[in-house]
Structure formats: structure tokens, C-alpha cells
Amino acid sequence: MYEIKKQMINIGKAMLALDLQNTHSGNISALHDREMYVTKTGSMKGHLKERDIVIPGIEEPKSGLFQASSETGTHRKILKYARSAIHAHSLPTTLVSFLVEEIRPFDFLGKRYLYSVPVVEFEYPVGSLEMEEKIPEILRKKPAVVVKKHGPFVRASSLNEAFFFLCIVDYSSEILLHLKILGADLSKSSNLCYPEVSRYKNPYSFKGTEDKELISQFQRTSSDAFELKLSPFHTGSLSVRDGNQMIYCPNLSSPEYIKNDLMRIEIDEDREDFFIRLHQTVYRYSSEKSVIFTHSPYAMIQSLEMVGEGCDRIIPVDAEGGYLYPAIPVVLPDEEMRVLVEKAVKYKIVVLAGLGALAVGHTPGDTIHHSSSLRNICYLKSKLQMMNKVGIVGDVATYVDERGKNW
Amino acid sequence: MINGYNNRGVDVNLSTGKINYFNINEDILIKTLGGRGLGVYYFSKHVSPRIDALSEENALVISSGGLGGSLAPTGGRFSVTFKSPLTGTICSSNSGGFWGSIFKRTGYDVLIIKGKASVPVCLYISEGRVDIIECPELWGKTIPVLTDKLREKYTKKARVLGIGPAGENRVKYASMVNDYHRTNARGGGGAVMGSKNLKAIVVEGKKKFIPSNRELYQAGIYQADKLIRSMPVTSMAFPELGTDGLLKMVYEHDMLPHRNFQDVYHAAEDVAKISGECLRKEIFLSKKGCFNCRIQCGRSTQVGKKKGEGPEFETVALMGANLCIYDIKEIALANYLCNELGIDTISFGNTIGLAMELYEKNIIDKKNTGGFILRFGERGILEHLVHKTAYREDFGNEIAEGALRLARRHGAEKLAVVVKGLELPGYDPRASLLQALGYATSPRGGCHLKGGYAITLGFFGGSREVDRFLVDTTAEHIVTEQDSGCVADSLGVCRFSYFSIGENELSRIYSGFTGVDLSPNDLRSRAKGTINMERMFNTNAGFYRKDDTLPLRFFNEKILISGKMRAIDRETQFLPMLRKYFEVRKWNEDGIPSLYED
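Protein sequence lines, in the order shown, are assigned to chains A and B. Counted from 1, the first sequence has number 364 at position 364 by our numbering; the numbering is strictly sequential. So the mapping is simple: our numbering equals the position in the second sequence, first residue as 1, plus 1000.
No lab work stands behind these hints, which were simulated from the structure alone. Note that the structure is a prediction, hence the values are computed from the model and not measured. We put the beta carbon where it would ideally sit given N, CA and C, even for glycine. Among these hints, one or two may not hold up.
Claimed, not checked - Reference excerpt, derived from the structure (chain B facing chain A, CB under 7 Å, subset only):
#: 1; residue: Ser-1230
#: 2; residue: Met-1236
#: 3; residue: Lys-1248
From just these sequences and the hints, can you work out the full model?
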């Protein structure tokens, strides 16, 4: 019981860190030893205590119902077939729900893990019987559903996976929302060819190394990737070379209080996993010491918009970005791995349109420097484009350094 | 004339048989809102604080809520105000059921009953008609028989508020019962009715009320409904588990009284035997609700061939947990009998708890108890004791006087768990300073409702949840809770709806219904006025600051609560809270309202 409560406390903390609801709203539930656990109504999700998690009963009502979340009825039905459910008030998702009846992501993570997310409207969009009937039915077939003007519900086989889906919904919504605001031509973006990936895997507590300093470097980088939103929860990957092997973290973006794995993998060993092969390829064909792959949403906005316009590079508009990277190459996601590696080595970072960004360096700290710079560059450029849309700044092209076009 | 009210009252003098109809000034309605506020206003005006509560001079003032006649969720409750024969304080006692709603539809907002009939009588009230009817044949009848007979006499739509043998015998905590099972339980209103030879009040009415501003009224109702239907406490917990569903939670917060409040150390498996979950499994038949109720916390239950309603949480806490009787069926049977004979289960259970402690401490023995072995956990005695109490037979005559008098009689006043003579309900105040201050300052004595229903803040207040061991801010919270409770009592809505809604919704419904634009703050300021009137009555009745206290047990006996040995420290916790309470209420240091306006 203590373990499941601890996990819920950690997920609540992570939800607040990612701004997925206000301080008190949203709710988390999980099944453990045939018992349903749910957060208390009005509890502060970022500061949950054990007593904030109550047992309302799943088959028969229990006294925890008096304190249970307002969406307990819906959670209770979802947990008849899933192990965990989360409801949040993700702002981009709520905004997108005003625009579409179904969220069809253009980005790799959204396409691969969600495919599509239904948006449903209710007369009483909070804690109603109508929701209690419909949402669990939809979630039998889909990992996520969005209540119009309210927010997403997700279900999964574990708390981590539910949070993963929630973050992907938030992430894909943010990308879609911005692309819509920018008026991007998405006809080409919708046909991008993304690699196949396996389903979400819970961390197994793999320990690829005993080196405390190295472990600490990985943890720091993971935590930064999470807090800076360089990649949705448990996405992205990080590795360091260790002779003929690499120490590899497959679920990079993670707060320090939620565990992730470190694996030890032979560089020459054939692996099916796209991301492992990508890291291996870098080490096989370069002398780089560390590799990071992230899915920064603003880099995806920029790259997906670019696909429609036929551009091949992101040229920073800000001084710091321009100083570090006159231009950052953008390639299609099905580009040959060798070409990717060449570009990464040459430019330190390369963006795969809609998929993510590959960065290389000497240490994990060095690589995440590139990823976080990319995030800032793309954030600023996207916001500037929006400012241009509403007419408060001039053409964005006038702010870029011309030299970037020939870099 | 204000829309939504009848603007009419009726004053019945049972001594003379005179019935006086009068108009109610609209200022009075706006100032008091109705229900408790209106009742306290007329009671204070008609009754001198120093009278004997069981004399002819006492009055019963029955008033319908300001939202009575509307479709506000749970808005059919009514109040009865009287001087309590148990405590000597003013006592406003509130009930649900359907009687209150129908009373308002007879065309009166308030009914004042004074004097004493020479023979047992009933009052019959319908639209435009009030009759005093002699009914000696009904004297001695239990509530179900009384109700059946009166409905046979009038119509099946007639609603009956009456007393059982306990009220006739002036049991100090006899209740008034309407619709068979709904009670104005606390303070002994049934004894006051009995002292007036008034057996029942029958109402039949169909008057309809049209809201003044339909849009505002409906917006308020829509929002209130939405919240009540969405918050699990009102949409699932109470409907599925009834009020007894609270038991486990109260136990888990180390608040559930045990052995006459000596401690809170129950075994979890014992609590499970009397919990709401157990009730649902063992004796539950169906849900029951009051007028226009979306919550449906009532339980229709059956034990063997006997059917009834309840038991409610407080009954299970006081007549079960507090006495170490962990048998839901035994408690339910005793509860059925309390409802039939007209006895408040809280005061009864608490007084039996005291008797058991006296017995175990060898202060009384079998000679005093008429042969009863009164050990904690003693089985098979509850029903007998209820019966003996209602008819004041043997030891029942002592039990009928309540815990304070029983304790005094045996020189053990400090063992009585009462405040101002009213027996405490099912929450040990050592586990919540909020509740402690609420008990001490409640106008009718040790009551969780009039004292501010602090457990809602203590552990299921949602984002409003307050640390129950804080000292500094407790007074502010308790004043707010007491004021809100008074708003609910005055408008005639159920406290349980307050778990989901509040003055924001109610002010809209009220303004839309009556056409009188009152903000949430306006509602609360009316409630403050009513609480000030109650306080003034009590002051004039001889209650002073020294009476705003708790039983010594809670100051002197430390018990393990939330991992710490705790009692309430009088000097560093209780008195500072009380001083702050007076300050927040704008009362002087003796606890007298300095801004009191008549």
C-alpha cells in the first residue's frame, strides 16, 4: 500500500512540475491488490501526502468515498479494466478541444502512441453521470480522451504509463495548437514516415553502471530534460560511450523522484529499437562520447512547419542561439542514419522533422546543452512568428542572420 | 410583501384556545431569512429567558426555511425554537422530511405555540385554517401509530409532526418526529410539546410559489445541482453508504468516542462491524431522501421482521462505538425504538455511556440500575433501556434526565460529557481543535451542527481543508462554519448539501426566488445577527463565559491521536481560541455581543 501511494505522490508532484493542472485540480487513481486508490478531492497534487490518497471501493463503496476526487465514478469504471487513470487540465489540450472534434497528432510521439484522441462534449463536463458512462467506454479502445473545455483522461497499465500518455497528449496538443495558430500547411507533415517503436515500457531498474558519478550525471540530465520540457515524460534517450559498449538510458526525461533505467549495450550488437540503433550508429561512425535524443515540442513545431515550406534548416532569431548555431539542419524522419550522424557531428545537433533532435557531445552535460539551446531557439522563433501573426512585430525573416542561410 | 414568503404567521395559545393570525413585516423576513433566524426572532420576542422550560410560559416557534416552497436542492427543512429543558439555553432544532415543505405551503411562515392545553390536543393546519383538536385517544401512542391514525383521519397527503411517549413523559431529550422517521432531535423539543399537552401538528397545503426572477433562480439551482451531483461526498458517498459511511473515516482520524469518550481506541475489526459498509451489507433495503433531495442519505433498513430507518452515523457512534456495542443489528433495533418513542439517540447513547462508566467505576451498581449490568460492551440491553427511559421506569427515570443530571446525582459531574448540559455527539474534540471550539461556543450546547460542522474542514474539506490541530486560525474558521450553518438552517437547506455548495449558490437561488438581492456576505451577516440573538438570550438566561467550555476529561486526559498523546491545553490552546472567537464575533471579553441590535 505504501509503495502505490508513494508512486501516486510522485506522479502528483510531476504533474505540478509540468503545469498539467492548477495546484488543486486533476486526479490520479491506481489499482493495487484489488483495491482502488484515488486522490482526495481538492488535494494539492504537487504536495500529496499519504492521507490524501483514499480508498473509495471499486466493487462496493467504502468510506474513502467521502473524501474522494470528484471524478471518482469515472475512475472507478476505468479501473475495472485498467491499472491506472489520470485526469488533468492540460492547458494546450483544453485549448485544442475548442478547435477539433478529434486530436490527430502530426508529431511522431502522438502518432505512434495515441494515433488519435477523441474530444467529447458533455452538458455537465465535471463529475457527471454522463461522463461516468461515456469516458470509460471510450478508454476501453483508446489510451486517452479529452473532455471538451475541461481536459484529458488517460488510462494505462501502470501509473508511469498513464502519466506518459498524459504528457504525450499535452505535448501533441501543444504542437497542434501552435501549428494551427501559425496557419502551417500540414499537408506534407501528415505524410511523414516515422519509424516503428515498441509500446511504452516501465523502467525495470536496470543498472548499467556502478559508477556513482556517472549515475549522478545521468540523473541530473534526466531531471533537466524533464523540468525544461525538452522531451515528454519517459521519452528521449541519452548515452555515453564506454569502450565497445554504451551506457544507455531509454527513458531520459524523468524527475529525480521517478526512476528510469540505465542499460549497458554493445555498440556493434544488432538491435531493433530505432533509438538504440541511432545511438550505436553515432558511436560506430564518430568519436563522439555522448549522444542525446529529445522530442522538444517547439523544435517539432518549427520542423513540421518547415516541411510544408520545403525548408531544411532552423535559423535562430535570438542572439545567443545565433552565436552558438548559425543554422540547425532539419531532415526528414526517414533520413538514412549515416547521413544523420554526419550532420549531427558537423552541426552538433540535427532535427528530424516531427520526430525529435539528435545531439552529440563529450559528456551528457555537453549534449543537453545543445538540446536545451535548440528548445530556446525554437520557442523564441515560434513565439515571434505568433507575434507577427497578430501584427505586433514585422516579418520574422528580417530577424534572422543571413549567414545562417549559407551555413 | 416579499415573494417566496407567505408574509403571514399564526400564534396559537393552547391555554386559552385563542388563535391569532398576523402579518410579518418584510424587514423581519429579510433580516432573519426564515427558518432558524425567524424562529429565534419570534422566540426571543415572546419568551423570557428565565422561565422554566417545561412551564406554560415556554413557547415552540416553528418556522419554515426561506427557500421552503422553492425547488432549491434539499430546501424543505424547518426549525423549531424553544427553551431547552435539557440545557436551559435557547435551542433551535432543525429537521428534514416533508413536513417543513408542506407547512410552508399552508400559507404561514411561522407558527408560535404558547400555553398549555388542558387535555391532549393536535393542531391541524391547512391553507387558511388552523384548528385545535382534542385527541385524548392519541395520548400514549407511538410515532408510527400516531402518524397512521392522523393520516387516516385526514388524508394520505397529510404530514404529521408529533411526539411519542418520551415527549409525553418529558424525557429531557425527547424528540419531535415527522414523516415517521425524521426528527427535530436535540434539546428536548418533544418534552416541551409534551408539557403543553400537544401531541401532534398535522399540515396539509398546496400553495405554490413563483420565483421572482426565474433566470437567476434557475441559474442558481442549475449550479447547485451540478455541484451536488458531481462531488463524490454528495453524489456517491452519502447516497451509497448513508451517514454511517462516515464512521470509518472518523475512526481513522482518531475521533470516534470509546467508553464514554475515555479514549478512541477501537479495534478496526470492531468498527467494521458497525460501519456504513456493514450496514449496507447486513440490513439495507433502500435509500431514502427528504423533500427535493438529490443526496438520499437516509437508509431504509430491516432487522428480522422489523423495518425502520437508520441508524445514522451519530446513533451508531453514540449507541454503538461509544458503548463498545459493535453490532449493527442491535443498534438498528434500538434506533427504531428511539424513533417510535421519540428519543434523541445522541443524548441517549451519551447518557448510557456515562451510566456505564459510573457502573464500571463502582459509583453505581445493580441496585441503582434496576438490575441492569451496565458494563461497556454489554449486549442485549439497549432496547430495554430505551423503553424504560421513554416511560421513565426505574433507572430509566434517571437516564431520562440526561447525562449532566445523572452525573450530578451520583457526585460525578466531571464524568458527564456535555457542554452546557447537552450531550456531545460522535467526535472527540481532542482530535480536532476546530470541533472543540465549536462545541464550546454552540448556542445550544455540545452540538457539532450549531457549533459549526468542523469535521468538513478537518478532513474532507477538499481545497478548504484546515489543519485540525491549529490554534491561531481556528476561531476564524469556526465563526465562518457556524455562520454558514445558520444560513443553511435559516434558508432551510440541508447541511450535507453544504459539502458541495455554499452561500454563492444559495444567494442566487434566494435572490431569484424572493426578488430580494442578497449577496453571500449578506446571508452570512443575517446569520451573525441570529447567532447574536441566541447569545443574548443565553446570556439573559444565565449562561456566561465560564459555560463556554468543555468537559474536564478533554483538558486532563491525554490520549493517543495521530501518533501523539494529546489533550487540549486550556491555557495555551483553548482559552486563546475562545478569546479570539469573541474578538471575531465582535463580542466583549465576557462573550456578550456588543453590536447586538434588536
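So, going through the hints one by one against the coordinates:
1. Ser-1230: holds (3 Å)
2. Met-1236: holds (5 Å)
3. Lys-1248: holds (4 Å)
Hint violations for this structure: none, all hints satisfied.
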